[in-house]
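First residue of the sequence shown: 1, per the numbering used here; consecutive thereafter.
Careful, some of the hints might be misleading.
BS3-like mimics (lysine-lysine), calculated; alpha carbons at most 27 Å apart, straight line [as the list claims (entries may be wrong)]:
1) K148 to K5
2) K126 to K5
3) K38 to K63
4) K94 to K126
5) K87 to K110
6) K110 to K38
7) K5 to K87
8) K148 to K134
9) K5 to K147
10) K87 to K126
11) K63 to K87
12) K63 to K126
13) K134 to K147
14) K5 to K38
15) K110 to K94
16) K134 to K87
17) K134 to K5
18) K148 to K126
19) K152 to K134
20) K147 to K38
21) K63 to K134
Calculated from the structure, these hints are not laboratory results.
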Amino acid sequence: GGVGKTTLATNAFQHQLIVERFDVCLWATISQQYNVVKTLAQLLCAPESTGATVDGLGERLYKRLCRQRYLIVLDDMWSVEAWDEIKLFFPDMKNGSRIVVTTRHSYMAKHLDNSWLEMHCLDEDKSWDLFCQKTSVCPLELEEIGKKIVDKCSGLPLAL
Numbered sequence: 001g002g003v004g005k006t007t008l009a010t011n012a013f014q015h016q017l018i019v020e021r022f023d024v025c026l027w028a029t030i031s032q033q034y035n036v037v038k039t040l041a042q043l044l045c046a047p048e049s050t051g052a053t054v055d056g057l058g059e060r061l062y063k064r065l066c067r068q069r070y071l072i073v074l075d076d077m078w079s080v081e082a083w084d085e086i087k088l089f090f091p092d093m094k095n096g097s098r099i100v101v102t103t104r105h106s107y108m109a110k111h112l113d114n115s116w117l118e119m120h121c122l123d124e125d126k127s128w129d130l131f132c133q134k135t136s137v138c139p140l141e142l143e144e145i146g147k148k149i150v151d152k153c154s155g156l157p158l159a160l
């Protein structure tokens, strides 16, 4: 992690043009310990109750999204099984709805079988430029230690 997938998704999700284009915009963070009830409750902005079932929550979500142009962001998805389990509750109305999935695993992107964007770490020059931009000033006497810091961050923008 740290290349900026969630940051990019967040900026797009909150952009005024995006907000205006969709009737419903929902976000859920999946993570490594995937729990379908928790994810569905997150998408519904509902508290997790002990009696909640996958089918009950899934039906509520499906009804909420039906006949709506929706944007769903599923952040930090780790497993194909998680996608296969939750995708059933997203109606395909062919109305311009979109689902964005962020993942650190290329096999997930390939499994989703749609258009995908692969993000890369910054090269050394871009890392240094970002470091200097974030620190506001790069005096010559601090350049050597600054370059070591940039090197340790391995091109990850969030580490810089």
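Index of numbered hints that the structure contradicts, given in increasing order: Result: hints 4, 10, 12, 16, 20, 21 break, sorted rising.
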